[in-house]
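Q: Each protein sequence line maps, in turn, to chains S and E.
Just so you know, we're using this note's numbering here: the first sequence kicks off at 443 and counts up by one.
Just so you know, we're using this note's numbering here: the second sequence kicks off at 443 and counts up by one.
Everything labelled a hint here was simulated from the structure, so no lab data went into it.
Beta carbons are placed, not taken as given, at the ideal position from N, Cα and C, and that holds for glycine.
Among these hints, one or two may not hold up.
As the list claims (entries may be wrong) - If you want the footprint, here are the derived chain E segments under chain S, 3+ residues with CB under 8 Å:
#	region
1	479-485
2	499-509
3	638-647
4	695-709
5	800-808
6	822-832
Stated by the list, open to error - Which residues of chain S face chain E? A partial, calculated answer using Cβ under 7 Å:
#	residue
7	T512
8	I516
9	A520
10	D581
11	Q676
12	T695
13	G700
14	A808
15	G813
16	F815
17	S819
Number of protein chains: 2
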Amino acid sequence: MAAKVRKTATKLADGRDFFYFDDSPEYVSGEKTRRLDDPRPLGDRFAPHVDEDGNETAFTGPIMRYDVLTGDWIPMAAHRMNRTFLPPADANPFAPARPGAAYQDGEIPDTDYDVVVFENRFASLMRVPGVPDVVSYLDEGELLAERPAAGRCEVICFGPKLEENLISMGEKRMRTVIEAWVDRTEELMAMDGIEQVYCFENHGVAIGVSLHHPHGQIYAYPFVTPYTEKMLRQARAHREKTGRNLLADVLETELKLGDRIVAQTEHWVLYVPAAARWPVEMHLAPRRQVARIPELTDAEREDLAGIYLKMLQAGNRFHQNPDGSYVDLPYVSGWHQAPKGAEDDLRLHLQLISIQRSPDKLKYLAGSESGMFAWISDTTPEKIAARLREVWEG
Amino acid sequence: MAAKVRKTATKLADGRDFFYFDDSPEYVSGEKTRRLDDPRPLGDRFAPHVDEDGNETAFTGPIMRYDVLTGDWIPMAAHRMNRTFLPPADANPFAPARPGAAYQDGEIPDTDYDVVVFENRFASLMRVPGVPDVVSYLDEGELLAERPAAGRCEVICFGPKLEENLISMGEKRMRTVIEAWVDRTEELMAMDGIEQVYCFENHGVAIGVSLHHPHGQIYAYPFVTPYTEKMLRQARAHREKTGRNLLADVLETELKLGDRIVAQTEHWVLYVPAAARWPVEMHLAPRRQVARIPELTDAEREDLAGIYLKMLQAGNRFHQNPDGSYVDLPYVSGWHQAPKGAEDDLRLHLQLISIQRSPDKLKYLAGSESGMFAWISDTTPEKIAARLREVWEG
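Extracted from the complex, chain S is given alone in its bound form:
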């Protein structure tokens, strides 16, 4: 692993995978603190379920149903209803273990860490050992299908402190996060049945964040997501028509026109897409054909750490309150990576979107968006880009 990051793999008490990514010798996890094991008496997460009458049923994990009206798979994670929601600071499950405590409620066994990744305790995608990944049907006519939601949901904590965020932690830590994305994308893409890996971050209560600790998520889907399916269809039609890669042509066109370019570095281009559908939307793309994060060179990763943080900073200067202060932008920032077999058609790019349409107003996904999937924008891509350029240097 590049960039002097040390990975240590361990397991939580209930069998979930847990990885430390330490970025500075002497490494904090297991060296200074020497406590990598999870001391909690957590039960086997695959244990049979016992109902009120004492009857046992085997745990088969979450399922997903095929929506025959749209062609989408819908994972159904009914067990997630009771997940932790905005706990007080002293019950933060992503805080490091308290030194000397015999038992603790959090997810982190060690008393310090740099970056950690672990399987989500409330996973909507989960492969359960012994449960075959096969389609079954609710009806004899085989119209209504279901399958195990045999993917994987991981959490990535960017640092040990509740009050920090990616921006305050700086480029060196960002670089470690990138290495963690590289590692997880490689390992998850190699797993049976995984079609696509999505590394993303939800930021802000307005977007539904349920824990304030600075963290992101990594979903390994056992299907190609609907957004990616749309992109694949468009990319393949474009290749048939022109012989070229769609995302390469989009990037070249945006660079030529220039009106929606926000910033450029040696290896990356940040622009507002010509049909931006959200009040704030940015795409961050490498200059060359890259299908997934692990293919990025060291130089590209180094460069990315810088522009990623500048992008977040510009987002935080986008909306200004009447008193001159800025709105901490709620956002979803996620990596579009090629699914298996689509390495030539798709191209790695990050999409950052925000529902904040003014300092005090949010965009809601109401009838047209939720019922018809037909987005309506209240602004223009050129206005978004102009504002971002205006606030880029701070």
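Given the coordinates of chain S, work out where chain E should sit on it, guided by the hints.
A: Just chain E, lined up with the frame of chain S:
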């Protein structure tokens, strides 16, 4: 027009179409009150725009961009940023005109009404006379396309009183609303360039409702919406494979299995779809092949008025607070109608969805939904259906 509804067409001062649908002789609009004209000194809505330096530019209306990454058209209504948002009751623009007032700010010229429909003042879809509906390109390579968003957005007010709603107004009024949907679907589908008509209602502040007055909306899209495109692709694949109509087969299967059926009447079936993606979701379908609302028989419309209101009532009993009171369910309720040319493939059905996942929690569309269009449900369709059956009779 059936059901003893009288339609009166008029115009607002700025040229927008305005329709009264009166349901009881003596008819309230123009008979009892005799004031159908709009007395406001509103400017021509298609007037040229004059900038700070006095330069005139022709008003060309909203445009839409083609999102080449997804294949979706995205209307961009930058002029809507300043639309009215949750005004106080005395500034309710959907209230009837005050008797004797020489001038009023509201949208309703008459001092009373039953149901009215009019073109939205802050329309994201609008055909501007003289603006040709042609595609142009941002770039020489013709990759980034735009077109006028030459559709139409109408508002439908269900009644004159701010504090009422469809449930409190009752079946007779609901029947009038159905007649208004029939009328508008027929007229809008006959307009140049309109592909699809969507009659829907956003209910509740949590879904982004910007005006409390009981109202719905009618969008006439100049394109086939992404959701409908997905359904069409699935329906056509199903017909190729089986020779049958997809939605007919889904309905037949749901009736046979029964677990997700909520209620049935002579002409309608209300069920939770097998792959429901929202915390609450119901589909309401006629028993026979009907492409759009105007094809419904009188008996089907009559029957619909009853089950529609019972459906809303059951929704309002879905979530119970700890004190025994119920949550007024925020919802989107919208009609999927066949676009032009797809009358045999698609079938009319209503979809009601809610983001309320517990009495005090909402479902947010975060990373997976917003970034990947991959919905994850926190419940199961069978649980939703069981709860709805439990509260159906109140």
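Q: Taking the closest Cβ pair, is S:I516 under 7 Å from chain E?
A: Hint holds; S:I516 Cβ to chain E Cβ min 5 Å, cut 7 Å.
Q: Closer than 7 Å between Cβ atoms is the bar; does S:A808 clear it against chain E? Give me holds or violated.
A: The hint holds - S:A808 has a Cβ within 7 Å of chain E, the shortest such distance being about 4 Å.
Q: Against chain S, does the region 499-509 of chain E show at least 3 residues with beta-carbon separation below 8 Å?
A: Answer holds; 3 residues pass the 8 Å Cβ test.
Q: Can you take a look at whether the region 638-647 of chain E is actually covered by chain S? Rule is 3+ residues, C-beta closer than 8 Å.
A: It holds: at least three residues are needed, and the region 638-647 of chain E offers 4 whose Cβ sits within less than 8 Å of chain S.
Q: Can you take a look at whether the region 695-709 of chain E is actually covered by chain S? Rule is 3+ residues, C-beta closer than 8 Å.
A: Holds: 3 residues of the region 695-709 of chain E have a Cβ under 8 Å from chain S.
Q: Taking 8 Å as the C-beta cutoff, is the stated coverage of the region 479-485 of chain E by chain S satisfied by three or more residues?
A: violated (count 0)
Q: Is the hint on S:F815 kept, meaning its closest Cβ partner in chain E is under 7 Å away?
A: 4 Å, holds
Q: Can you verify the interface hint for S:A520: is its Cβ closer than 7 Å to any Cβ in chain E?
A: 5 Å, holds
Q: The hint names S:D581 as touching chain E; please verify it with the least Cβ-Cβ distance against 7 Å.
A: 5 Å, holds
Q: Using a Cβ cutoff of 8 Å, are there at least 3 residues of the region 822-832 of chain E near chain S, or does the coverage claim fail?
A: holds (count 3)
Q: Report holds or violated for the interface hint on S:S819, using the least CB-CB distance to chain E and a cut-off of 7 Å.
A: Because about 5 Å separates S:S819 from the closest Cβ in chain E, which is inside the 7 Å limit, the hint holds.
Q: Going by Cβ atoms only, is S:T695 closer than 7 Å to chain E?
A: This interface hint holds because 5 Å falls under the 7 Å limit.
Consistency note: the structure conflicts with the earlier hints numbered 1, 13.
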